[in-house]
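2 protein chains.
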Amino acid sequence: MFNQVAPHQTRNRIVATAMRLFWEKGYQSTSVADLLSAAGVNSGSLYHFFAGKQEVLLAVLDAYHKGIRPMLLEPAWAGTSDPIERVFALLLHYRSALVSTDYTYGCPIGSLALELHEPDPPVRALLAANFHAWRDAVRKCLVATRPRLPPKVDPTALAELVLATMEGAVMLARTHRSVAPLDACIKLLRDYFARLGAAPASPPRGRSKPKPRRRNGN
Amino acid sequence: MFNQVAPHQTRNRIVATAMRLFWEKGYQSTSVADLLSAAGVNSGSLYHFFAGKQEVLLAVLDAYHKGIRPMLLEPAWAGTSDPIERVFALLLHYRSALVSTDYTYGCPIGSLALELHEPDPPVRALLAANFHAWRDAVRKCLVATRPRLPPKVDPTALAELVLATMEGAVMLARTHRSVAPLDACIKLLRDYFARLGAAPASPPRGRSKPKPRRRNGN
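From first to last, the protein sequence lines are chains Z and E. Position 3, counted from 1, in the first sequence is what the numbering used here calls 3; the numbers after and before it change by one each time, with no gaps. Position 88, counted from 1, in the second sequence is what the numbering used here calls 88; the numbers after and before it change by one each time, with no gaps.
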């Protein structure tokens with residue numbers, strides 16, 4: 001019983017490996033052979049579950065979409081209950097990820113969205129679904145503080161601005177190998193939120209930046 | 001005399017063709033064979049000028065960097081003299097490019113920055129130089145209106161926010177094949193500038209959106 005690998009375990013291992021390789025190397029640069037080797041499965045197993053690399057990509061995008069809460073929001077929001085602070089905690093989560101991976105990890109969805117110049121419709125639909133899920137998570141935070149926002153400011157549009165700023169700032173931080181562009185954007189977004197009356201001008205004490213993680217050892 | 005093609009013309013043709021192919025298909029998906037075929041040159045000519053595809057990429061990034069004024073800023077700013085309106089004219093230039101190319105054309109630098117997961121140092125340096133040139137063009141607009149900005153707002157940081165927002169919003173617009181995310185971001189950036197006291201809350205009459213270009217004919 002314990003020596004048998006359940007089929008879904010093999011499928012999950014392929015998807016988890018593809019997630020890692022696509023964000024480390026990119027989709028185009030990851031061959032099916034790379035996937036098989038890194039996942040430790042043979043091609044028969046892969047083609048049993050997937051018609052080809054694009055189907056693996058669809059499964060990866062679906063996994064990101066289904067996993068947004070446990071994989072992204074819950075870790076980012078642990079210990080933060082104020083809805084506006086959750087928006088900034090989400091941005092700082094990307095900051096931590098960039099620093100702790102030496103700028104390898106940005107936003108996997110953003111990277112795939114720009115790497116795939118003309119994605120096939122199902123791929124595009126899942127990229128869009130991921131962006132929507134992220135934006136809606138932020139929108140819900142903004143709606144929860146609706147009375148703090150001026151009536152003319154649309155929470156959906158403001159959530160879109162937060163998402164666009166994160167994506168662009170992560171791109172700049174990765175290219176410059178520095179968190180300075182991301183820090184500048186976070187500071188000004190906070191200033192905008194303060195001018196909207198939605199947040200204090202300064203972050204709550206002790207939460208402005210996550211502690212740097214140790215690079216060596218645990 | 002007129003039948004001879006000057007060497008720099010061949011080099012320029014290769015670079016111009018690479019610019020087009022890299023933004024249409026991406027860097028990884030463009031082979032040297034694609035380049036030779038599209039540019040109508042033989043491999044001897046290409047290798048006379050470039051050691052390989054990465055050297056062509058460096059020439060492309062250098063061309064974007066040197067061409068930021070004639071290729072981007074001057075067309076975007078034609079007819080707009082107010083420095084703050086120039087910032088928004090630049091954003092609307094991307095909007096026009098997205099619409100007129102059916103969302104094929106985003107920002108070529110942003111696309112390359114995310115497509116190349118671990119760019120070699122000279123590639124990364126030229127990507128960063130392009131981002132800096134763009135940011136500095138916006139920063140100069142902001143510095144020109146310095147008295148309109150609150151003293152605590154750093155023009156460099158604000159220019160970084162404009163760049164990050166453009167890059168992220170172009171990414172979202174391309175994925176959704178809609179200008180709605182970009183329009184939402186432009187509207188809120190304008191709202192932020194208005195709250196900073198740097199711009200009117202509404203764009204000057206007749207300049208809020210560029211006229212749609214005709215898709216057929218000229």
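Note that these hints are calculated values from the structure, not bench results. Mixed in with the good hints there might be a few duds.
[Said to hold, decoys possible] List time: in silico BS3-like cross-link candidates among lysine-lysine, alpha-carbon distance up to 27 Å:
| no. | chain 1 | residue 1 | chain 2 | residue 2 |
| --- | --- | --- | --- | --- |
| 1 | Z | LYS187 | E | LYS152 |
| 2 | E | LYS187 | E | LYS140 |
| 3 | Z | LYS25 | E | LYS187 |
| 4 | Z | LYS152 | E | LYS66 |
| 5 | Z | LYS53 | E | LYS187 |
| 6 | Z | LYS140 | E | LYS53 |
| 7 | Z | LYS152 | E | LYS140 |
| 8 | E | LYS140 | Z | LYS25 |
| 9 | Z | LYS152 | Z | LYS140 |
| 10 | Z | LYS25 | Z | LYS66 |
| 11 | E | LYS152 | E | LYS140 |
| 12 | E | LYS66 | E | LYS53 |
| 13 | E | LYS66 | E | LYS25 |
| 14 | E | LYS140 | Z | LYS187 |
| 15 | E | LYS66 | Z | LYS187 |
| 16 | Z | LYS53 | E | LYS53 |
| 17 | Z | LYS152 | Z | LYS187 |
| 18 | Z | LYS66 | Z | LYS53 |
[To be verified] A few chain E residues that don't get close to chain Z, going by computed Cβ distances all over 12 Å:
| no. | residue |
| --- | --- |
| 19 | PHE22 |
| 20 | GLY44 |
| 21 | LEU72 |
| 22 | PRO83 |
| 23 | HIS93 |
| 24 | SER100 |
| 25 | PRO119 |
| 26 | ALA125 |
| 27 | LEU127 |
| 28 | THR145 |
| 29 | ARG146 |
| 30 | ARG195 |
| 31 | ALA201 |
[Claimed, not checked] Listed next, the stretches of chain E that the computed footprint assigns to chain Z, with coverage defined by at least 3 CB atoms under 8 Å from CB atoms of chain Z:
| no. | segment |
| --- | --- |
| 32 | 8-15 |
| 33 | 24-31 |
We put the beta carbon where it would ideally sit given N, CA and C, even for glycine.
Do the hints match the structure? See the list:
Proposed proximity of LYS187/Z and LYS152/E is supported: the alpha carbons are some 11 Å apart, at most 27 Å. For a cut-off of 27 Å, the pair hint linking LYS187/E to LYS140/E stands: about 22 Å separates their Cα positions. Taken as a hint, the LYS25/Z and LYS187/E pair is broken in the structure, with Cα atoms around 36 Å apart against an allowance of 27 Å. Of the supplied pair hints, the one linking LYS152/Z and LYS66/E is violated, its CA atoms being roughly 42 Å apart against a limit of 27 Å.
Proposed proximity of LYS53/Z and LYS187/E is contradicted: the alpha carbons are some 39 Å apart, above 27 Å. Note on LYS140/Z and LYS53/E: the hinted pairing is violated, with a Cα-Cα distance of about 46 Å set against a maximum of 27 Å. Between LYS152/Z and LYS140/E the CA atoms are separated by roughly 31 Å; this puts the pair beyond 27 Å, and the hint is violated. About 36 Å separates the Cα atoms of LYS140/E and LYS25/Z, which puts this hinted pair outside 27 Å; it is violated.
Taking the CA atoms of LYS152/Z and LYS140/Z, the gap is near 17 Å; set against the 27 Å cutoff, the hint holds. The suggested pairing of LYS25/Z with LYS66/Z holds, with an alpha-carbon distance near 23 Å, which does not exceed 27 Å. A hinted pair counts as satisfied when its Cα atoms are at most 27 Å apart, and LYS152/E with LYS140/E qualifies at roughly 17 Å. A hinted pair counts as satisfied when its Cα atoms are at most 27 Å apart, and LYS66/E with LYS53/E qualifies at roughly 20 Å.
Restraint check for LYS66/E and LYS25/E: the C-alpha separation of about 23 Å stays at or below 27 Å, so the hint holds. Using a Cα cut-off of 27 Å, the hinted pair LYS140/E and LYS187/Z holds, with the two alpha carbons roughly 20 Å apart. Distance hint between LYS66/E and LYS187/Z is unfulfilled; the C-alpha atoms sit about 31 Å from each other, more than 27 Å. Among the hinted pairs, LYS53/Z with LYS53/E is consistent with the structure: their alpha-carbon atoms are about 25 Å apart, no more than 27 Å.
A hinted pair counts as satisfied when its Cα atoms are at most 27 Å apart, and LYS152/Z with LYS187/Z qualifies at roughly 23 Å. For a cut-off of 27 Å, the pair hint linking LYS66/Z to LYS53/Z stands: about 20 Å separates their Cα positions. Distance check on PHE22/E: its Cβ comes as close as 9 Å (rounded) to a Cβ of chain Z, failing to clear the 12 Å threshold; non-interface status is violated. Here GLY44/E stays apart from chain Z, with its beta-carbon at least about 28 Å from theirs, past the 12 Å limit.
No Cβ of chain Z approaches the Cβ of LEU72/E within 12 Å, the least distance being about 17 Å, so the stated non-interface status holds. Its beta-carbon lying about 18 Å from the closest one in chain Z, PRO83/E satisfies the requirement of being farther than 12 Å from that chain. With 12 Å as the threshold on Cβ separation, the claim that HIS93/E sits away from chain Z holds: the shortest Cβ distance comes to roughly 16 Å. With 12 Å as the threshold on Cβ separation, the claim that SER100/E sits away from chain Z holds: the shortest Cβ distance comes to roughly 17 Å.
Under the 12 Å C-beta cut-off, the non-interface status given to PRO119/E relative to chain Z is violated; the minimum distance is some 8 Å. Once the 12 Å rule is applied to beta carbons, ALA125/E is inconsistent with being away from chain Z; the minimum gap is 10 Å. Its closest Cβ contact with chain Z, about 5 Å, brings LEU127/E to no more than 12 Å, contrary to its assignment away from the interface. A cut-off of 12 Å between C-beta atoms confirms that THR145/E is not in contact with chain Z; the least separation is 16 Å.
No beta-carbon of chain Z is positioned within 12 Å of the beta-carbon of ARG146/E; the least distance is around 16 Å. Not every CB of chain Z lies more than 12 Å from the CB of ARG195/E, the least distance being 4 Å, so the non-interface label is violated. The claim that ALA201/E is not at the interface with chain Z is violated, since a C-beta of that chain comes within 12 Å of its own (minimum 9 Å). Given a C-beta distance limit of less than 8 Å, the hint that chain Z covers the segment 8-15 of chain E is violated, as 0 residues qualify and 3 are needed.
Under a criterion of three residues with beta carbons nearer than 8 Å to beta carbons of chain Z, the stated coverage of the segment 24-31 of chain E is upheld, 5 such residues being counted.
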